[in-house]
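A.B. asks: Chain residues, written in single-letter form:
Number of protein chains: 2
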Amino acid sequence: MRASRFFISTLKEAPSDAEIISHKLMMRAGMIKRLGSGIYTYMPMGLRVIRKVENIVREEMNRAGAVELLMPVVQPAELWQETGRWDKMGPELMRVKDRHGRDYAIQPTSEEVITDVVRTEIKSYRQLPINFYHIQTKFRDERRPRFGLMRGREFTMKDAYSFDRDVAGMQASYKAMYDAYVRIFDRFGLQFRAVAADNGAIGGSGSHEFHVIADTGEDALVYCPESDYAANIEAAEALAPAGERAAAAQPLAKTPTPGKAKCEHVAELLSLPLSQTVKSIVLAVEKEDADKEIWLLLLRGDHELNEIKASKVAGLANYRFASEGEILEWFGTKPGYLGPIGTKKPVRIVADRTVAMMADFVCGANEEDFHYTGVNWGRDLPEPVVADLRNVVAGDASPDGKGKLAIQRGIEVGHVFQLGTRYSEDMKATYLDETGKPQLIQMGCYGIGVTRILGAAIEQNFDDRGIIWPASIAPFEVVLCPMGYDRSEAVKAETERLYESLLAAGVDVIVDDRGERPGVMFADWELIGVPHRVVIGDRGLKDGKLEYQGRRDAEATPVPVAEMLGFVKARLAS
Amino acid sequence: MRASRFFISTLKEAPSDAEIISHKLMMRAGMIKRLGSGIYTYMPMGLRVIRKVENIVREEMNRAGAVELLMPVVQPAELWQETGRWDKMGPELMRVKDRHGRDYAIQPTSEEVITDVVRTEIKSYRQLPINFYHIQTKFRDERRPRFGLMRGREFTMKDAYSFDRDVAGMQASYKAMYDAYVRIFDRFGLQFRAVAADNGAIGGSGSHEFHVIADTGEDALVYCPESDYAANIEAAEALAPAGERAAAAQPLAKTPTPGKAKCEHVAELLSLPLSQTVKSIVLAVEKEDADKEIWLLLLRGDHELNEIKASKVAGLANYRFASEGEILEWFGTKPGYLGPIGTKKPVRIVADRTVAMMADFVCGANEEDFHYTGVNWGRDLPEPVVADLRNVVAGDASPDGKGKLAIQRGIEVGHVFQLGTRYSEDMKATYLDETGKPQLIQMGCYGIGVTRILGAAIEQNFDDRGIIWPASIAPFEVVLCPMGYDRSEAVKAETERLYESLLAAGVDVIVDDRGERPGVMFADWELIGVPHRVVIGDRGLKDGKLEYQGRRDAEATPVPVAEMLGFVKARLAS
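Chains A and B, in that order, give the protein sequences.
For the first sequence, counting from 1, position 103 maps to 103 in the numbering used here; every step adds exactly one.
For the second sequence, counting from 1, position 382 maps to 382 in the numbering used here; every step adds exactly one.
Calculated from the structure, these hints are not laboratory results.
Quick caveat, the model's predicted, so the values are computed rather than measured.
One should not assume that every hint holds.
The list treats identical chains as one, so a pair stands whether inside a single copy or across any two.
Within a straight-line C-alpha distance of at most 27 Å, the following computed DSSO-like cross-link-like pairs (lysine-lysine) qualify [unchecked claim]:
1. Lys-569 to Lys-334
2. Lys-428 to Lys-33
3. Lys-437 to Lys-12
4. Lys-24 to Lys-123
5. Lys-123 to Lys-12
6. Lys-123 to Lys-33
7. Lys-292 to Lys-312
8. Lys-312 to Lys-287
9. Lys-12 to Lys-428
10. Lys-260 to Lys-345
11. Lys-334 to Lys-542
12. Lys-569 to Lys-404
13. Lys-262 to Lys-344
Whole structure, please, built from the sequences with the hints as guidance.
C.D. replies: Written out as structure tokens, the structure reads:
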């Protein structure tokens, strides 16, 4: 490519609505252009990256035996009604009426349509397994779109759907997709981690997320450096502390803690470690045929509630946080001084595993400005219902028993699900088995956020000069920067010679023939993030040298003219 | 590709809603699957064709210097309001509200968005010319979607937009796109014709359509075999007949023509050629500040009205056909007996160029069951206003004076427009010229209906066994049909050897390893339309032969095993 025939448009400053580095750099590098809230035009420079991401995804999906098709953006509401998602999805699902008043969804994903294809196309067990995928424009009407391509409304997603005869088959298809994803993220050249995840609203029996590691990631990833264990913190089990609960050593005492409504302040006042305190979280559950229930969850003062774990406690599937009014009514005091002893009205108590192992702990006394100290299970209050309620913390024992957990931040870019019969049941997608009996098809689904990869790659790879693309998804692998392309015949001739030889070697190279000053040229390409640069100048040519500089290199390396092609190819291969 | 890893799904019968051959064959060959009215999933076999079409389009657009980007499907209404198209487009424009109640269009085309990109990105004359294109999903809410991909609602279109400093630049960009389109349709391997066209609702100063030639085409294409002249019949000029008008030879006579309300019947009754009769077409024009006008257009009995030409007569831009009530009120009689002589109320008369040259003609007498014969201009009624009102017919003189016109049918698959400042004016898209003065940007736009190409290619290339794809856009170039792949080691080994050698030669080959019976296998691939087939069987192998058959060949050609690779490559190259 020649820069003069391409479209390059860089900015000194990012627009003020760009909050995170990837958004800022993509705007400054002219990769995307905002059209509306969460809606972007992919400019020529950005589209090249998207296409490279798509091609890697496509190659590995094909290698894994998946078959590409293309499902429509505009999808009839009837199918979404069959699975109940027309109602369940809420305002995130963009809905549109045609000229005849018929309802359609603008697809956020395609489980319904692919299941409709399969239920008519697949008749016999002989046609299974099959895995269909497409790479298509999606729309989710996010409440608060932001972060550029990271949380846009219109985006490009690869979604694949596997169909199998039985659970074992589904699990094999799932494994094949998992392995394909590992190859895909390897080829992107990004540091990533696959973690066990919660299935969430999509349903089914198991899932993994693929995260690009980045300090700015929204998700906390839990892993064990000594084993394969890895999970999203939402799904990571916190084991009960090892050993026995210590015996009670202190008497129960109501202690004045005036104005100390937080565990941290109570511990400070009483000169106790925070890990000796217990905090109270109050939930409410509405009941159709009875009064609502109020629940009290107890966590150690230095631990955090895991809301997904809470929802898995029997009876808490549809909980909400209690209002201040409800707290006053059930506890007789305001938040900050709540505890399990002597509530005003009966509440259902659940203690986190760690709390259940504590002795002589501190908790609120259900009276303003007072806490109990020396609280002990079995003595001061009955043994509690126990559950895993908290987020793990670094240093916790790994659930596989093989070491201690560490935590890092990640950006979710892929998700694989074992769906089972979640969709085939609603939509009556069956096949005839060897005996001619209809059986429900077992499904899996597998997504990669194609456009989100760009944001995640940048969050992981940038410096104060701009983006640093891995070569496999860079808009160009190599840029040639001739110093005085229009002034020096020698520079122009050597530039053209190297350009042609790189093209002939299959290298994706751009030559900057715009005639810009070196400073502008270098700043542009460092901002855009092309990983390899060759400078062709009269001064170097006098000594028979060109200058190579990798995007992460501190300085340029002089390379003899005749060796540059081999040098660049070696760098690309490494 | 191996058929066992692909998805092949053929049907014996087309669904009943498929009216035309391309729709029937695409459904039967499993290329598309209906999701809703005018909305199709592109199945794996169809998607392969679409991708090949897209790639040819992309390569030639890039070669012509256009730069690819990708504009969103969901576009803010504000931009469409700036050009007035939000109101003008009517129900064909699919509209959607987001969760905040803001209006969006689902793009049918992208003039507004690209002009918005350009008005902020292009500041100086130095950045011009530029040509941006994308290949993207479009939606048009057709009143009556039909014919499969030929008139779908959701479809894929390539749309390019050129931006220039002045009219000469725009015309050069237009020419470059025209030439690129010729290369594109050449590479498709389709018979096509570029014709001058009317700009229609999109506005601007000139346009050409690209048509795939097919007897089933909706458009009539006019061309001169002796010259370059070619136009859509909508835009083809009908010259005035050469020579002078004959002198009046007959007296004006009111002649009874009971029950003969059509020119054909009147001519038959009076034993006159149809070309001696004149038919009356009555139009109405509503006026804001005055009574409506009634117009009478006169055409020779054997000619057809060209509605676009009528709309270009001064005063007729917004005409409609008159109602029977209006006709009675203005002419005093019912349709079938109307004419220019003695109307009840005054009407404005326009005669087609041919009619203006007629003498002693026949027309209605404005009295039921009566016509006038021997009518002559200047004697029986004043010389008329004259205009070109009719469709040309085969044999008419070519407007370039170089021969006689011929007519063939075509399917419109591409359209190039000189837009001028139609959009840049409304959207204030300007650049600064050398003197620092803002100037309106001159635009062109260029569309290709990617998915429609499939339908058009089939309408041009099919037989009673199925589709016959040109090799460049076939889902596969070559199919290998082993007879007894699973039973004969020799067949399997030779099949695999040939498969690998074709792959290594860069041929897009599929091997049918499904183990189907030969009859099923041959019928499937003839229906799907793969252009080259090689049969590998034990009987042939005994003589060291394989069988080659082109999709249009009447019989198979035996080819020695060792020569088959070269034979197929030669066929692909020819």
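A.B. asks: Are the hints correct? Go through all of them and say.
C.D. replies: Structure-based check of each hint:
no.	hint	result
1	Lys-569 to Lys-334	neither (69 Å within a copy, 84 Å between copies)
2	Lys-428 to Lys-33	between (43 Å within a copy, 19 Å between copies)
3	Lys-437 to Lys-12	between (67 Å within a copy, 25 Å between copies)
4	Lys-24 to Lys-123	between (51 Å within a copy, 22 Å between copies)
5	Lys-123 to Lys-12	between (59 Å within a copy, 16 Å between copies)
6	Lys-123 to Lys-33	between (46 Å within a copy, 16 Å between copies)
7	Lys-292 to Lys-312	within (18 Å within a copy, 75 Å between copies)
8	Lys-312 to Lys-287	within (17 Å within a copy, 72 Å between copies)
9	Lys-12 to Lys-428	between (56 Å within a copy, 25 Å between copies)
10	Lys-260 to Lys-345	within (24 Å within a copy, 98 Å between copies)
11	Lys-334 to Lys-542	neither (81 Å within a copy, 94 Å between copies)
12	Lys-569 to Lys-404	neither (42 Å within a copy, 62 Å between copies)
13	Lys-262 to Lys-344	within (21 Å within a copy, 97 Å between copies)
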